[in-house]
Amino acid sequence: MTASLREPPLAAGIGLRAAHHGAVMASRPSVGWMEIHAENYLGGGAPRRVLAQVRRDLPVSVHGVGLSLGGAEGLDQAHLDRVAGLVAAIEPMLVSEHLAWSVAGGVYHNDLLPLPYTEESLGVVAGNVSRLQDRLRRRVLIENPSTYLRFDHSPIPEPAFLAALAQRTGCGILLDLNNIYVSAVNHGLDAVGYVDAIPADAVGELHLAGHHVAHEDGVTILIDDHGSSVCDAVWELHARAVRRFPDAPTLIEWDTAIPPLDRLVAEAKAADARRARALEHDDAAAA
Amino acid sequence: MPPLREIQRDFSQALLGGSDQAIAGRVLHDRLAPAQRIQIYRNHVRITLGEALATTFPVVARLVGGAYFASAARRFIEREPPRSPVLAEYGAAFPDFLAGAPNAPAYLPDVARLEWALNLAYHAEDRPALEPRQLASLPPEAQAALRLKPLPSTAIVSSAFPILAIWQANQPGRADTVDLAQGGQTVLVWREDGDAVCRALGPGEAVLLQALGAGRGLGEAASAAVQAEPGLDLPPAIAALLATAVFSAS
Amino acid sequence: MSTNPLKIASAVAVALGLSAGVVAAQDAKQEKCYGIVKAGKNDCQTASSSCAGTSKKDAQGDAWIYVPAGTCAKIVGASTAPKKG
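Chains as they are written, first to last, in my numbering: chain A, 304 to 590; chain E, 6 to 255; chain V, 60 to 144.
Rather than coming from a laboratory, the hints here were simulated on the basis of the structure.
Note that this is a predicted model, so its numbers are computed, not measured.
Even glycine gets a Cβ: it sits at the ideal position worked out from N, Cα and C.
One should not assume that every hint holds.
[Stated by the list, open to error] Simulated restraints on C-beta separations: (1) 163/E <-> 377/A: 33 to 43 angstroms; (2) 73/V <-> 359/A: 54 to 64 angstroms; (3) 391/A <-> 138/E: 30 to 40 angstroms.
Input sequences plus hints: build the corresponding full structure.
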């Protein structure tokens, strides 16, 4: 079966940000779906009202940023319950979180912090992911992080760690192509090899975003600021990813210097056009 | 290899102003020194938590200026880091922290309390508000005993300083001068149509609401209000407060 | 108004009657201020300037900036002095 005969996945989506609450209330954005950060919608009032309308208009995905699934001290039950309450209330099409930790000693650091990829870490993350899936009674997707350092003892390559996590817990993978590229440049690793090492049946969503190019002591460091258009190298990874994971919908994230909604919608349309082209080339190559 | 818990404890210490030596010893030296790579995370934590505080306390930030605010925020973040991942709920202790900040004006903590109340009003969970119509049919003997519970989005902030005037003078596009000689203000904060709103309360209204908030019956609260402000015209004052969505339906 | 319980009771009764109808006008008379509260503080990106100063202390250093230099100059009157310092 060629990719073009498949049921097409949703058109690309965009992240819902508070800066666009007014615009999305005024008219439904012409995108396939929208994703929210769970932690921004755990209270009541205006944000929940906006979310309720968006949920009526479009498929919604809940993306957690604060569960600290890589935390050695386990999950915060109160926070887990609040996220579960939100998921129960809006019945999203997807739920996802990160391969990272953000809580230690009960303190929340507001960052997606890196893990050493060891058997011990795999046990910790798998335990937390299973607890999350049990609480939500559904499968979640786990996203690869962008990182700025590696530990000296980290014997498992990140894609192998994610594959093992998926196998052990039954979770899926949210593949962020910008994160792959950012980490690959920051650590001198192979981004294409990363995409190819991810098991094709595990990927349930793709993320795209822009990054900031910084230089430190003559070394290029990419900062994952979600503050610009997707760069060409990441588009190339995306083309490879849509051929390898044709059923996974794509999301555009933009969190810094957020442009008007129209610009984000245009970026999502660009992702749709590139996806279609990538699959055509795939068919041509197969013929 | 030390256990993950220890690695995360050492990393946390480096992020919150402590030494990065322990964690640096476990980080790969790859073109940049471990300390340089750790610093990227440390900067992120400081910058984004500082931005979260500046977003919740914009008037405080305006009053003291960016450099002083950043300096205060950094101290606060290290002393009272977030305990919950919900950043809209971070900063409850910031007003008290400001009370001990060097050279901070005396009114600053109360202005921060007003901003915190506005933040809570905006984000508080949804609960049905009291419909004043429901009360009109109450039998007379039940009226005075009526206990009204404020919504989670409702708060009263009392200060010896004119905090609402200071707050108003620091809204975008305003540059008025405020004379502290005008005296203190008690401010009611609530949520209306999804917006956080506030207004100054008269002395009688303030006592009335505070008594109701403390769980006293409407008759007793009304009596206390008249004692505090003998000239208060009770019926319209009570009716106006009931018409404002500040009480819970249950 | 006196604090006589009967008078209070009748004032309460009048208030509850009023609250069913006429209050909209009352409410409108009161000067409300709208607070601009910004939502959406949780993100999953890295701050753009996180890289700045990776090899040195950040520009501001570790010291307190001791003197507020914002609009507090516009707040005048007898008791502007800090309580403690």
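When the structure is checked against the list of hints, which entries are broken? Sort them ascending.
Checked against the structure, the only hint that fails is number 2, while the rest are satisfied.
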